Amino acid sequence: MLTTNTVAQPLPPAFSRIQPDTFGGNMGLSNAWGDYDNDGDLDLVVAFKTGDVRLYNNELGGFTNVGPVLGLPTDGKERRAIAWGDYDGDGYLDLYIGSNRQGNELFHNDRSQGFTEVTEELGVGIPQVSTRQISWVDFDNSGSLDLFVADRVGPNVLFRNVDGKFVEVGTELGLADPRATVGACWFDYNRDGRLDLFLANQGTGKDALYRNDGDTFTDVAAELDMEGGARERGDGGVDCTVGDYNNDGHFDLFVATYGINKLYQNNGSGSFEEVSSAMGIEGNDHMVGASWGDFNNDGRLDLFAAGYHDEDGLRSPHDRLFQNLGETFEELDLDKTALNGGDHGVQWADFDGDGDLDISLTEGYNIAGRHPLVRNELSRETARQSLQVSVSD
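Sequential numbering of the sequence shown, starting at 8, is according to our numbering.
These are computed hints drawn from the structure, not numbers from a lab.
Here the structure is a predicted model, which is why all the values come from computation and not from measurement.
Every residue, glycine too, gets a C-beta built ideally from N, C-alpha and C.
One or more hints might be untrue.
Label-pair distances were calculated between CB atoms; the ranges are [unchecked claim]: (1) Gly200 x Asp317: 12 to 22 Å; (2) Gly69 x Gly32: 15 to 25 Å; (3) Asp195 x Ala229: 43 to 53 Å; (4) Asp93 x Arg198: 24 to 34 Å; (5) Ala229 x Gly275: 14 to 24 Å; (6) Asn254 x Leu231: 21 to 31 Å; (7) Arg198 x Ala229: 37 to 47 Å; (8) Asp82 x Arg118: 36 to 46 Å; (9) Leu231 x Asp28: 43 to 53 Å; (10) Ser278 x Asp82: 45 to 55 Å; (11) Asp93 x Ala375: 48 to 58 Å; (12) Ala375 x Asp220: 40 to 50 Å.
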């Protein structure tokens, strides 16, 4: 009898695409989950290169685009970034949209009955910026959401929220970074109670980590060896995502790049160690978006990174899912799965409330690109091994 020793290959995760006709077509760039109508389930908004903004209302796990009915744009300028935030504290999520050098927009949520543009009234239009990342964040611990806008062609912008009105303070606080910022992550890396800011910068500009000192921000990336290393023009940081991947109570940081990806392990002492190679997620490709999420409910954060292959100028999705095994990560084969379908936005959420994380992706480089919504098909027993938390003001 002839016997051989073989190593079992990891099985691809079970996911399936839902409503493919609804989530097909156009060139989706940015996506965000939020319960805009306060009905207890998560709705999805997607911004497109073709100009439209689609708001998919979630009704018992089925989705309908209600954007046109509620007054959101249906065509026009290229819209590249999008984010929910209740800037006026009325209990309803408002929507900020970033464009490519044609002015940004803020839409007020009129108690889920419609959206009214208030950009000029509140002074947050920012003409001639190429916005790639938007963050609603309370950087000054005032209890109100402030607004940060990352710009790929000019200085970044930080607006302080003063009683529902916005004042630009990025310049005076040292955050008007002129480098080509594509990704931005706010998190309290040193546990001093203030949110700090990491910037993933593309091109020859190095990455930045701005420590929040209360009355100013200080770039400590060089000091902490987090500038990303040498890079060619066109390479560099593109996105970032924060999560405690090793469950030690400290926020770690993954940086998706055009080139070598970075995983910065937070040592808990105000310093980081770059461990991407040691943990098996280094790579050397074109990653555009990334997000942490525990897709298999084993208590450890896994990592999804969306990117693309470029062959003779034709770009196709090349997505990667790294399963967290504790001591290392193992990449799962996505080539023939429902998950290999995005090259930009990556957003985990349990949209159907069954206890496991589903995922929304966008494909922006293909003229026939999709923006697939993919349901996690974990067993009911495993899916129930989760905890959902609802936070209200």
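Checked hints:
1. A C-beta distance of roughly 44 Å is found between glycine 200 and aspartate 317, which places it outside the suggested range of 12 to 22 Å.
2. Distance hint for glycine 69 and glycine 32: a CB-CB separation of about 19 Å, consistent with the stated range 15 to 25 Å.
3. Aspartate 195 and alanine 229 have their C-beta atoms about 20 Å apart, which leaves the hinted 43 to 53 Å range violated.
4. Separation of aspartate 93 from arginine 198 is about 26 Å and conforms to the stated range, judged on CB atoms against 24 to 34 Å.
5. Take alanine 229 and glycine 275: their Cβ atoms lie about 21 Å apart, and the range 14 to 24 Å holds.
6. Here the CB-CB span from asparagine 254 to leucine 231 is close to 22 Å, well matched to the stated 21 to 31 Å.
7. Here the CB-CB span from arginine 198 to alanine 229 is close to 21 Å, at odds with the stated 37 to 47 Å.
8. A hinted range of 36 to 46 Å is violated for the C-beta pair aspartate 82 and arginine 118, which are about 26 Å apart.
9. The hinted window of 43 to 53 Å between leucine 231 and aspartate 28 holds, with their beta carbons roughly 48 Å apart.
10. Here the CB-CB span from serine 278 to aspartate 82 is close to 48 Å, well matched to the stated 45 to 55 Å.
11. Distance hint check: the CB atoms of aspartate 93 and alanine 375 are about 36 Å apart, inconsistent with the given range 48 to 58 Å.
12. For the pair alanine 375 and aspartate 220, the beta carbons lie near 48 Å from each other, so the given range of 40 to 50 Å is met.
Hints 1, 3, 7, 8 and 11 from the earlier list are contradicted by this structure; the remaining hints agree with it.
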